[in-house]
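> Letter by letter, the chains look like this.
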Amino acid sequence: SQTIHQWPATLVQPVGSPLSLECTVEGTSNPNLYWYRQAAGRGLQLLFYSIGIDQISSEVPQNLSASRPQDRQFILSSKKLLLSDSGFYLCAWSVYGATNEKLFFGSGTQLSVL
Amino acid sequence: SQKIEQNSEALNIQEGKTATLTCNYTNYSPAYLQWYRQDPGRGPVFLLLIRENEKEKRKERLKVTFDTTLKQSLFHITASQPADSATYLCALPPNFGNEKLTFGTGTRLTIIP
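Sequences listed follow chains A and B, in order.
To convert, take the position in the first sequence, counting from 1, and add 17; that gives the numbering used here.
To convert, take the position in the second sequence, counting from 1, and add 11; that gives the numbering used here.
With a Cα cut of at most 25 angstroms, we get these calculated DSS-like pairs of lysine-lysine: (1) B:LYS66 with B:LYS82; (2) B:LYS28 with B:LYS66; (3) B:LYS14 with A:LYS119; (4) A:LYS119 with B:LYS66; (5) B:LYS68 with B:LYS111; (6) B:LYS68 with A:LYS119.
Since the hints were derived computationally from the structure, they do not count as laboratory data.
Bound conformation, chain B alone (with noise of 0.2 angstroms):
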């Protein structure tokens, strides 16, 4: 079956760092994949969406990578902000069938001043 892993449950970045979070997908093949960021007792966001066919994405200080051979993807958060405090979900479509997302379990980032 379709599963997704985010590396780590937490991750501590010193503010002005790189974050960068882990998404790896296994008996996957899929179109695209998205990152959603969400915050403590709030509906996740959309960020961004990688297609298979794009190896990286960026929208200001994000990027985002996507290896389909390594079945990866990277999320950086570049120059990092207290603000960017959140926990980050990937998401990505089945096989086959309607387009309905699963999300991986996500991580939590807390970026220190």
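So that you can see chain A by itself, here it is in the shape it has in the complex (with noise of 0.2 angstroms):
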């Protein structure tokens, strides 16, 4: 069966410091690939997304950047986080190519920033 991991579940950052988050899936092959972030109160706001290895879309500009070097391995990164980059990001994952495609998520990672 399929799985993803996303680590760490808790991070207290300084404002300016670098950020990684790192997301893994098993049980599929070249999966599509999200990271999305949920402010509090707020929905959740797509920020990357991934149909393959080193190819990623931005929907929001942002100090936030992605990386995708292995099929099953999804990583968030930033060099100088801000205030407003707090929020509890979720990573994801479909099935390539499928319609209707559901999304199957992590167990999130808090950020806070301050």
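Put the two chains together into one complex, using the hints given.
Put into structure tokens, the structure is as follows:
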């Protein structure tokens, strides 16, 4: 069966520090991968979307970046965090090429930038 | 631009009653609509998908309707239980391009014993 791992679960970082969140998927090949952010009381905002290795689409201009060095690995990074980067970050995957695709989410990372 | 609205941020329902949540959309002609459940501090979990040519879909105590004329989906939980308390999100694909879902802000449902 497929599983998605996301870590860390909680992170407290000072403003201006770098960020690296990692997500891996097991049990499937060539998945679509996504990074979402959920601010308190807000909906899910799509940040990045990837259909394959080194194929990343950015949905929102910001100081975050994403990389996909391996088929089932998706990394969210920042060189310098801002206060506004605080939020709940979720990695998700879906079946490549499937219509009516449903998303499978990781357990999330609660990021607090202080 | 496309817009999704879930009618209320929070809904309190007495245990045993039917909970009804609403998802409205504008400037969309989605081929399908999905509903997810999200517990505090966790990622959303897929519940149901309903296609544009389906008026109703059921799964155990859950029922979803999809009215493309009204541009609305209703999500019902019958015989509600405290364990049903969670935030429920609707999600739709864009009209064009890659199928990346857009989510509503969710309705926080509390079932009162």
